[in-house]
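Novice: Chain residues, written in single-letter form:
Protein chains: 2
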Amino acid sequence: MRAGKGCPLISMQPENREITSRDNPTYRYIRTLHDRKTAMSEGLVFIEGVRLCEDALISGMRPRYIVSSSERKALASLWCERFDVCQSASYYQFAEPLFAKLGSTKNPQGIALVIEAPDYATSIPSRGRDLYLILESVADPGNLGTIIRTADAFDFTAVILSGDSTDPYGEKAMRASMGSCFHIPIVSIPDISEVCMLLEQNGVQLIASDLRGDSLNSATIQLPCAVVIGNEARGITDTCANLCHYRVKIPMPGKAESLNASSAASVLAYEMMIRRDRTIHE
Amino acid sequence: MRAGKGCPLISMQPENREITSRDNPTYRYIRTLHDRKTAMSEGLVFIEGVRLCEDALISGMRPRYIVSSSERKALASLWCERFDVCQSASYYQFAEPLFAKLGSTKNPQGIALVIEAPDYATSIPSRGRDLYLILESVADPGNLGTIIRTADAFDFTAVILSGDSTDPYGEKAMRASMGSCFHIPIVSIPDISEVCMLLEQNGVQLIASDLRGDSLNSATIQLPCAVVIGNEARGITDTCANLCHYRVKIPMPGKAESLNASSAASVLAYEMMIRRDRTIHE
Chain U
1 MRAGKGCPLI SMQPENREIT SRDNPTYRYI RTLHDRKTAM SEGLVFIEGV
51 RLCEDALISG MRPRYIVSSS ERKALASLWC ERFDVCQSAS YYQFAEPLFA
101 KLGSTKNPQG IALVIEAPDY ATSIPSRGRD LYLILESVAD PGNLGTIIRT
151 ADAFDFTAVI LSGDSTDPYG EKAMRASMGS CFHIPIVSIP DISEVCMLLE
201 QNGVQLIASD LRGDSLNSAT IQLPCAVVIG NEARGITDTC ANLCHYRVKI
251 PMPGKAESLN ASSAASVLAY EMMIRRDRTI HE
Chain L
1 MRAGKGCPLI SMQPENREIT SRDNPTYRYI RTLHDRKTAM SEGLVFIEGV
51 RLCEDALISG MRPRYIVSSS ERKALASLWC ERFDVCQSAS YYQFAEPLFA
101 KLGSTKNPQG IALVIEAPDY ATSIPSRGRD LYLILESVAD PGNLGTIIRT
151 ADAFDFTAVI LSGDSTDPYG EKAMRASMGS CFHIPIVSIP DISEVCMLLE
201 QNGVQLIASD LRGDSLNSAT IQLPCAVVIG NEARGITDTC ANLCHYRVKI
251 PMPGKAESLN ASSAASVLAY EMMIRRDRTI HE
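Residue numbers (my numbering), protein chains in the order written: chain U, 1 to 282; chain L, 1 to 282.
Treat the hints with care, since some could be wrong.
Pairs of lysine-lysine, DSBU-like flavour, derived with a Cα cap of 35 angstroms [stated by the list, open to error]:
| hint | chain 1 | residue 1 | chain 2 | residue 2 |
| --- | --- | --- | --- | --- |
| 1 | L | K172 | U | K249 |
| 2 | L | K101 | U | K106 |
| 3 | L | K73 | U | K106 |
| 4 | U | K106 | L | K37 |
| 5 | U | K37 | L | K106 |
| 6 | U | K172 | U | K101 |
Chain L residues, not near chain U, derived (Cβ > 10 angstroms throughout) [as the list claims (entries may be wrong)]:
| hint | residue |
| --- | --- |
| 7 | R31 |
| 8 | N107 |
| 9 | I184 |
Okay, the calculated bits of chain U under chain L, using three or more residues with CB under 8 angstroms as the criterion [unchecked claim]:
| hint | region |
| --- | --- |
| 10 | 151-158 |
| 11 | 172-182 |
| 12 | 268-277 |
For the record, the hints were derived by calculation from the structure and aren't laboratory data.
Don't be surprised by glycine CBs; every beta carbon is placed ideally from N, CA and C.
Chain U with its partners taken away, still in its complex shape:
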């Protein structure tokens, strides 16, 4: 540990300063941040669990508070040593029963962060041979997180949230993304027309996943390329359908009439990646 460098673990929280009262104002404040609306209004995100917290720190997210149960003090100490972004954070240690009621996980791992909310990108990044996933009003946080994870795994340039897509930094979405929400740029542009216009100006082919579309096999995917995944119940809007170059349907010869939104996104994203990476495809 870099003593004297303002490490919050040393400066703020001597061994014996464990917080044991539910009425402690800091405990009460941090506990309110578990509610996304409150956290949002403060420009903060509450993250719980070893893996997700480490992913956030590795990705350069800046914690305002590091909190742990008494048992996890050593891990918090290790993070302060390892990650420069921890230098300006405040550290608080809570007694086990208090920590257990901080978040909503059934078996809490005894460690959490309150980070400054990542800024959404307002312009769409480009790096050549780009692939984008556009989510138009994807409502289920599990789907949203899973799709962000898939886009990250397949090295997409960005995920673009449009319409009234759900919050990627909500608890369920973050858990489903397995940290990918901190790896891949997330752009938020609510107006789908604006998204399509910006991408078209940059020569990006626009493909919509649409049950009314032509078979995926008949579409010629060209790079750069973006695919739109619509709302789970309603699909893409007509506005979006009209602005896209292709509307494609994944062939479904069985009885199910549709795929789960994140399943459809996985298949389409995989197909796009295969084209980009020029992998020999039987």
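Using the hints provided, position chain L relative to the given structure of chain U.
Specialist: Chain L in isolation, oriented as in the chain U frame:
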């Protein structure tokens, strides 16, 4: 409505026989069936919601009880008229506040069924050019249901549950499967060695989804074919890895180290379907 044919709606439940007391023994009994362990021990499955119930009836599932709120009586009546399998069911009408506490959905649709638990197939069906998805200890009910939905959409011959995979007729799994759990044969053979042996005897190529495997692109998929999806945290067992002909990894050039189990299943199932259906692939 076929009056006089023993339709339970007529024989059991005149208009004025709405149940209004929480202490009514039938209400109390049906309410216990919402708990999967209790329902399983009775050989029953509790299903809630218009879409899922209709899917079950269309697929020939036999209801023991049809229950509705007062407002949904007409729909229950329609089902009794439309589906022969309803003829031997008992119908009960519950007052709104009672129905609201029957299941666990936040906005109940006022209709539910208690069906006889579908028998798991004990032998693996075959119809030629077969594709199978084998789930080895898939634990998350959302993943399990989503994978069943994908296998159904891509017209797989069966889904095979092995290891200690979760219950496909639990509430979350059924909801994620969107009725596909009633469309596609579900085989349960806990011993993965037995699954592999039975399939190999029938000349089925066995492919495991495995992060330690070779790239999916280097594998030659031949029909009939089965792909194994392992546990979300641990992947496939070594026993399974040793019994499979190929271990394949979906290429992931990005930062995420793995895909969600149902995302991986979607990509692999899609690739297998494309081979089966000889679709021209770029």
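Novice: Taking the hints in turn, state whether each one holds.
Specialist: Quick rundown of the hints versus the structure:
no., hint, in the structure
1, K172(L) x K249(U), "holds (26 angstroms)"
2, K101(L) x K106(U), "holds (24 angstroms)"
3, K73(L) x K106(U), "violated (39 angstroms)"
4, K106(U) x K37(L), "holds (21 angstroms)"
5, K37(U) x K106(L), "holds (21 angstroms)"
6, K172(U) x K101(U), "holds (17 angstroms)"
7, R31, "holds (24 angstroms)"
8, N107, "holds (14 angstroms)"
9, I184, "violated (7 angstroms)"
10, 151-158, "holds (count 6)"
11, 172-182, "holds (count 4)"
12, 268-277, "holds (count 5)"
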